[in-house]
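Starting from the structure of chain B, add chain G where the hints point.
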Amino acid sequence: MCLDVAKGRVVKGTQFKDLKDQGDLVDLALRYADQGADEIAFLDIEASAEAAQERSTRLDWVERVARHLFVPFSVGGGVRSWSDALRLLDSGADRISVGSAAVARPEVLGEIASRAGAQAVILSLDARHSGPDRCIVTRRGGREDTTIDALDFARTAVAHDAGEILLNVIDSDGTRAGFDIPYTRTIAEGVSVPVIASGGAGRVEDFLAVLKEGKAAAALGAGVFHDGTLTVGNVKTFLTKHGVPVRPC
Amino acid sequence: MVAVIDYGAGNLGNAQRAVDELGFRKQMVRTPGDLPADGPILLPGVGNYGAAVKTLEASGVADALRTAAAAGRQMIGVCLGLQLMFRTSEEAVNFLGLGILEGRVRRLDSRGRPLPHLGWCPVGKNRTPMYFAHSYVVEPTDRSSITATAEWGETFPAVIRWGAITGFQFHPERSGDPGLEVLAHAIRGEDLRL
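Going down the list, the sequences are from chains B and G. One point on numbering: in this note's numbering, the residue at position 238 of the first sequence is 238, and numbering is uninterrupted. One point on numbering: in this note's numbering, the residue at position 173 of the second sequence is 173, and numbering is uninterrupted.
Chain B on its own, in the form it takes in the complex (with noise of 0.2 Å):
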């Protein structure tokens, strides 16, 4: 499940962009955790876009989900430094998610991983396709494009201590036209460590299609959960049908 924020609210928009106001986090963050939500990933949409102004991510909300959520939930944007991560962690995140600041400069990851483990580093990586088979990075939530190669970058974060990858392939973002099943796969067999795929989620069968044959650990949603066209026990259902096996909600 995956929560983009914006001054403490939860917004969604299409490709990172027209954001809609789609309700308070907290009662959000607790509606998907009862419908039985694995992790929640809260992504500060405005501390990425507003880096420029070395803003990082504010706190008071976090501490706030963290009062009343008991299950993992990470936190993303505008992490540049292992102070930046410790602050969040310290506020209740379980996990953190680096992007721009990772492209800038891998090694944030290691310094990250080196004391608080490798499990709770996250690279965010928002990919676009620059060929039907390849796709570059890009920076600030997918409003600068990088000459940098996903494939090769996932490996560098990798060897930096990434311990997950939250591939977001900016192409599929919001169209729910189904997640993007060959480019999960490249980067999820190119690499060691667990794949959550994300962006383009519109059905159940997206879902099963991404973690089968794409073979993400997790996948992600966002709209189709805030919308209703679907709940987590929708997908669960549907997945354990499937034989892919999931936490009973």
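Take the hints with a grain of salt, since some may be wrong.
[Stated by the list, open to error] Here are some of the chain G residues that sit facing chain B, going by a computed Cβ distance under 8 Å:
1) G13
2) N14
3) V46
4) F95
5) P116
6) G124
7) K125
8) N126
9) P129
10) Y131
11) A133
12) H134
[Stated by the list, open to error] Once the Cα atoms are required to be at most 20 Å apart in a straight line, the calculated SDA-like pairs of lysine to any residue come out as:
13) K26/G - D90/B
14) K212/B - G153/G
15) K7/B - E46/B
16) K26/G - R67/B
17) K26/G - E63/B
18) K215/B - G153/G
19) K212/B - G112/G
20) K215/B - F238/B
21) K212/B - S110/G
22) K54/G - T31/G
23) K212/B - C121/G
24) K54/G - S83/B
25) K215/B - R111/G
26) K20/B - G36/B
27) K125/G - P245/B
28) K26/G - H68/B
29) K212/B - R113/G
30) K241/B - C121/G
31) K125/G - V246/B
32) K125/G - R67/B
33) K125/G - P248/B
34) K215/B - C121/G
35) K241/B - R127/G
36) K54/G - G110/B
37) K54/G - K20/B
The hints are simulated quantities; they were obtained by calculation from the structure and are not laboratory data. In this text, a Cβ means the ideal position worked out from N, Cα and C, and glycines have one as well.
Using the frame of chain B, we list chain G on its own:
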């Protein structure tokens, strides 16, 4: 009163909040002087083995924990907190841990599955789903101390009970209501019902 050991790796907050949620009083411990005279000691589990050992040794808390364990004090270790109770870990070969449990910590043999092992996994005979986030597992010399196992590639110890010590490889504080229940049983020194 539950003594919660702080070794500065971040995210000890969630162990504290779980203790609060369960209605126990708690004392945060950063120096040996912070350690209450009795009651259970909770060693939470986030971080790197070497970094944690360094902090615990520098503050003198490591020795206080060895003394407490030798006196038969009730202790609960979670994930890295459990691993720290052993003397050596493949995660940090140049560091020696607390050595209050015999055996070692080694890398999980996931048999080709992704590592770290992250996510929910059934534990024990009731197959209760619990949340794991680790790359290393404990290997106690006394195999009879393993009271529940889980599987990720290989089958590995999920719960250790040895004397007054309880260790969890999973995170009961992040495993929803079933996790909180198991943690409460451990704090009260009861059967875990796993």
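Problem set entry | Hints violated by the structure (listed by number, smallest first) | 4, 6, 7, 8, 26, 32 and 37
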